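Put chain Z on the given structure of chain P with help from the hints.
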Amino acid sequence: MADSHLQAVKGAKVLMVGAGGIGCELLKTLALSGFEDIHIIDMDTIEVSNLNRQFLFRQSHVGQSKAKVARDAVLKFKPHINIKPYHANVKSPEFNVEFFKQFSVVLNGLDNLDARRHVNRLCLAAQVPLVESGTTGYLGQVTVHVKGKTECYECQPKPTPKSYPVCTITSTPSKFVHCVVWAKDLLFAKLFGDKSQDNDLNIRPSDDGNTSKNPEDVFERSSDENAEKYGRRIHDHVFGYNIELALANDETWKNRKKPSPIYIKDVLPDKSLQRNGHLENCTSEDMPISTMPTLGLKNPQDIWSLAENAEVFLESLRLFIEKRDKDIGNLIFDKDDQLAVEFVTAAANIRASSFGIPMHSLFEAKGIAGNIVHAVATTNAIIAGLIVIEAIKILQCDFHNCRMSYCLEHPSRKMLLMPVEPFEANKSCYVCSEQTLLLEINTWTTKLRDFVEKIIRNILGMNLPIVMHGANLIYEDGDDIEEDIATNYARNLDKVLAELPSQVTNGTVLTVEDLQQELTCNINIKHREEFDEEKHPDGMVLSGWSGHLNDNKVASNKENDISSAPSAAADAENPDGPDVVPEKPHSGSKRKISEVEESSDNSENPSSKPNLPDRENPHQVDDSNSGDDDDVVMLVALPEAGKKKRVQTAD
Amino acid sequence: MDGEELTAQQTALYDRQIRVWGVDAQKRLSKANVLVSGLNGTVAEFCKNIVLAGVGSLTLMDDRLVTENATHANFLITAEESKLSGRSLAEVYCNSLREFNPMVHVSVEKGDLHYFDGNFFDKFDIVIISGYSLKVKKLINSKCRERQKRIAFYTVECRGSCGEIFVDLQNYTYAQKKSDGTIECHMEYPSLEDAISIPWRDLPKKTTKTYFAMRVLEYFESSQYGKLCQTSDFSLPHVLESRKVLCDEQGLSESHLPDALLNRLVAAGAREYPPVCAILGGFLGQEVIKAISGKGDPIKNFFYFDAADGKGIIEDISPPSK
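In order, the protein sequence lines correspond to chains P and Z.
The numbers in the UniProt record's numbering rise by one with no breaks, and the one at position 612 of the first sequence is 612.
The numbers in the UniProt record's numbering rise by one with no breaks, and the one at position 71 of the second sequence is 71.
No lab work stands behind these hints, which were simulated from the structure alone.
In this text, all values refer to a predicted model and were calculated from it rather than measured experimentally.
Treat the hints with care, as some may be off.
[To be verified] For the chain P half of the interface with chain Z, some residues (derived, Cβ under 8 Å), not all of them: (1) Gln301; (2) Gly385; (3) Met415.
[To be verified] Covered stretches of chain Z, as calculated for chain P (at least 3 residues, CB under 8 Å): (4) 271 to 279; (5) 296 to 309.
Even for Gly, the Cβ is constructed at its ideal location relative to N, Cα and C.
So that you can see chain P by itself, here it is in the shape it has in the complex (with noise of 0.2 Å):
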């Protein structure tokens, strides 16, 4: 390429967040560009789902750094660069603002949210460009941030991963994946997990709480109960007893089909469970412990019946019992957990066939329960070598130049790969402009500690936050600070809001700081009493800012809102789920959207025409084939792609 080009590139000092589906491409596709000195951070380490498309790692690397091992493979075939890998979190404190200013530019190929907004604000901080990427199956989309030139990462609207009301889990359920939730969250969780977390499983129906017996005692296996006894109990417990109990309230089953209550006798008639001898041989191999060779279950892609779940629910909940004992108490839901997933699809199945919801085979359930976003190694090709398009424009100083781009699954006015024109910043962007929260929040009942997980961290997304009011340190987080600085603050996280030493009520201003993502916020205190419960269950209203949306039931029934950005997409294997949909654009924020001027016979799609969120300031793309008009882009509205999305959010 050009010489200006190539200097750019040789002299680039660049940073890589993600060495993963999309990290593996962008590492080559740099280092075949020219790139000279690149620095990878990641955390993860290699798995056996990552190597149908992480194409650097082979099966000899499992349990490696992912980092390390791109390293080496890429020098393989470049020698002479330098790639200096960090096995770590991006959001460890080593990461600070200094480091990100020794880069020419940051490129982003995460799989979450939260680092996203982590980077994104240490990318402003230290004035680095940022150029952010995601992938999901076929879609894919690549962003330039600069401050003071584009909008930032978080100028639009985030929704945070689909929750459920909790009574549609407990009691109604309508999809199968509330009976995935119900099996991983409730299920899972009481029988495996913490028992000491809070847990709604068994507290239903709850208008009618007296008449469940104890019911802690239910879920504990008393010393002369065998696991098959102990089972069956359960069994009749969950899919019997507690779903009797529910049809006993009538106002519930009004307007909904009611569930039949399904006994372990019925489905699997007295005779005790079949057990082949070779069962032993099974498990003491080097094999993760599994139910399905025994019970004769080959293909994880069929839907078994209900027989059969109840026997894999059986035979799991055994081989839990006398093979993990030691487990059981501190389990987590775990994708990765044969004997986790095979347990969560034959319970969620059962309660499936109860409610009258079609019952899925174990991958699908596995899908669904592990959140695993779809990924194939040709759309994290394409999009890392877009990342290193734009990167190479943003060296140059070419910003005028710079696009984000969408892969799309099926053309839209004949494009795949379409560009659009970045967006200003949006001025009311409590990241990357100063804009002041507003917060209602009963200062009476609150506590410092709910503020702080819930608001500072969760929604704010602060890694290392600082509470002040006024010149008074409310709150601090960090290694550094002395004892007895720390108690103080350990008790102040117990006090609620207006009785802490320097009391928070209505109309104080909070500022919330972090040091790391050199970030600060005010936060302007209103006292509320009344919440609405299923809207607002943490009884806290953050407004006045444009983070991610708090309310999911909001964004995920726009099915037909397609006014918004060209569909985004999340990346591989997210564990949060897709965490970019396409979103109204805040309002009275001024955009720049490469428009078309539409001519005579291009009209192809006008089922799909778009609305465009805000026409004030049209903007023609700077085309280098300009002189007439087919090389004009526009903001399009992706039907396609974004429902393909929403069904991930909704489902």
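Chain Z in isolation, oriented as in the chain P frame:
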């Protein structure tokens, strides 16, 4: 689909992609045989993608010896290998690709593809060529078409920041996803020869300029001046002359094909730009997976990417249906 189930090993390895295209598609992939001839950075990207995806077999053809030059944009050639003379590109690619996925049978076939007779092609479901002259491309395309079995044919070229993919699936039937289930779709593809012989005056005005530019370069390359010279000073006047000849002949105003675009392509010569290789190899991989699985809308019949504007465009250049 009939046939044996995937093994546990396959299921574990391919888990994430089965979630994209389904078990049936994965089974079909594992039975498909792919041939590539003419190896370069773009083809390397494609091979990587298709081997990771888990095709049954991949056969590589290119007897050119590995030189340090060839390593410019290639992750399949390790530093040591580029120094060892005496091995062909196909052999070196083969060694690297085998490691990517032990379940795929990767092998080398020696010789020139255009001298092979038609029977040879029957071994394959997919044939992909790159870097051949227009004459040879047409010849191989017609050999594929003559077989009774349907053989999907593709060409891919990367010229600097621009790239082109051509697709010929002949008579192709596939399942198209609709909101309420799938419907069977039928598509008729023209051969390369038939597609590019459509007079330019008959093409829609909005056809991408890159299409015309690629034809001009092909014309130039088949002329007495041969391959593009690295020094654009020498080539450019002849390329502009080719543009004039073709535009006059085909009835398109020369102004439709700007000097700047041709200049850019000529300056790039035969060099590949790695990000564009990755993008073209990615789309080609996706297209081949679609063709094998019979799932998803395939490209008909040209695809263009230009790093200068970032667009990836599909052009349907087919004679009017009879």
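Do the hints match the structure? See the list:
Evaluation of the Gln301 (chain P) hint against chain Z yields a held restraint, the C-beta minimum of about 5 Å falling below 8 Å. Look at Gly385 (chain P): its Cβ gets to within about 4 Å of chain Z, closer than 8 Å, so that hint holds up. At its closest, the beta carbon of Met415 (chain P) sits 6 Å from a beta carbon of chain Z; the interface hint therefore holds under the 8 Å criterion. Counting residues of the segment 271 to 279 of chain Z whose C-beta lies closer than 8 Å to any C-beta of chain P gives 7; at least three are required, and the coverage claim holds.
Under a criterion of three residues with beta carbons nearer than 8 Å to beta carbons of chain P, the stated coverage of the segment 296 to 309 of chain Z is upheld, 9 such residues being counted.
Hint compliance for this structure: no hint is broken.
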